[in-house]
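S.K.: Here's the letter readout for the chains.
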Amino acid sequence: MELYQKTAHELQQLIAAKEVKAVEVAESVLERARQAEPKIHAFVTLAEEEAYQAARRVDEAVSKGVKLPPLAGIPVAIKDNISTAGLRTTCASKILENYIPPYDATVIAEIRNQMMVLVGKTNMDEFAMGSSTENSGLFTTRNPWDIEAVPGGSSGGSAAAVCADETILALGSDTGGSIRQPAGYCGIVGLKPTYGRVSRYGLVAYASSLDQIGPLTKDVTDCALLLQAIAKYDPKDSTSVNQPAPDYLQEMKKGAKGLRIGLAKEYLGEGISLPVKDAVQNGVKVFKDLGAEIVEVSLPHTEYALAAYYIIAPAEASSNLARYDGVRYGHRTSQKVSDAVELFMKTRQEGFGAEVKRRIMTGTYVLSSGYYDAYYLKAQKVRTLIRNDFDNAFKSCDLILTPTTPSVAFKIGSKTKDPLEMYLEDIFTVTCNLAGLPGISISGGFDNGMPIGLQMLGPLFKEEILLRAAYGFEQATDFHKKRPEI
Amino acid sequence: MSLSIKEVEHIARLARLELDGSEKEQFTMQLNEILDYVEKLNQLDTSAIEPTAHVIPVHNIFRKDELKPSMDPEEVLANAPDRIGNYFKVPKLLED
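Chains as they are written, first to last, in this note's numbering: chain Z, 3 to 488; chain A, 658 to 753.
Calculated from the structure, these hints are not laboratory results.
All C-beta atoms in this analysis are idealised placements derived from N, C-alpha and C, irrespective of residue type, glycine included.
Here are some of the chain Z residues that sit facing chain A, going by a computed Cβ distance under 7 Å:
(1) T241
(2) R334
(3) L379
Based on the sequences and whatever the hints tell you, model everything.
M.R.: Next comes the structure, spelled out in structure tokens:
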């Protein structure tokens, strides 16, 4: 077995026991990435030199007998909307193609302090708007299980890089499913933490009341370790919540026994492929065998979630993306302009792709004079109804089991014509963001060789419950051990 | 309710986006589809429901008013498309 095929928890022991050098791990992973990239296209930027420097520092610390942080020397890939000082951060947009942040996001500062090895920045849908990476302004990432299929999105580069062993760990961001859906499509673990659990400082804002950074990993143990590393209160993010995180690894090991797992009929109805339904049924059986209790719950406003999301997210995006004006950083038009407004208009016309423009337009409209109450305020009220649904459901269960998506990864180009059809990809994942809840996707089966994601949603700040259930499931099954041939 | 090309032009102006002719047509069609879809929310009576702007109840987070080092102007201006000294340079905004 090659080093790049191992998990973080396996490598951390080898590094601590001085059996393997961090530089050897970096070499193995970067060599693998060089070999896989011509097919997968997961990375926007590979940071080889910086990675080797960071790995050498770990090896020096080991030789001096310094006590290392848990993930020291472990390679991690970062979605390209998370600011990295001195390293290009494009959001996969032409408008930021050459932008080099002057500061680190808080999660990046944590990664550097904890001596992880940042190997590069991963591709995504432009400004995290999409479900396939086909909206990337740079190129489309391929699904390692079938390079004709999408890896999911928007954190598709991070998911594909983990799946193809081009990194050991990755960070993504999730606004309406952008960690969980690509994790599901690539057969890996992806967790969206509770809103406020992880600092958003330095995450390029898309929809600020929904965005959250989280881990994409090969297994649940790695997910717990990476979440632990980043789940911290941050005074620089005024929505960060000052609530200490538990010991996730210790909690995780309690497993699924005794948990009450909710099944909601609203997530198991029409439109779901048969193999996905079967995977959920199999999941139910696995959990019963593990000693969990299955209870029926109802989330009656689920069918309205997507409509509320596609008002709220574009509204917030239209405001957040107003900052790209060609004045202080990013692309500026080279066409002749006669005033500042023309400079803004031409710069934004050239710099943004179609989906970003579409969402800015939708958002601007729903916030414009005379329409605010009918759309934005209405959507926020529906958001309350969706929260109430979950509050009620969690009175009788500890977590809710659903499919991550209605079917497995689709072929590249098959959904790009109709924006609404692509939006429907998020049907099971958006509720979690609207309600601020934590959610995880794990590998729960296969359909014709393509992975099926199982999603679990938990109460606010109860990531440990999700990790317990996911870990129990993983111990009882082999789906997470399967890797594609590349 | 249906959105006209003229309204799309108005929204584009508000959003500071210069759209070309084919984009205007395409967005008119697609925005109408999206707005038709979200009409679905009107099936719900929300007259007695409070809106949720933020899920976690955090209010007015203050920090102490302390002096801290700021970023070096060279770092701040390193990404500027155009500059004069320590200023961002933009086209003329006001008449002489």
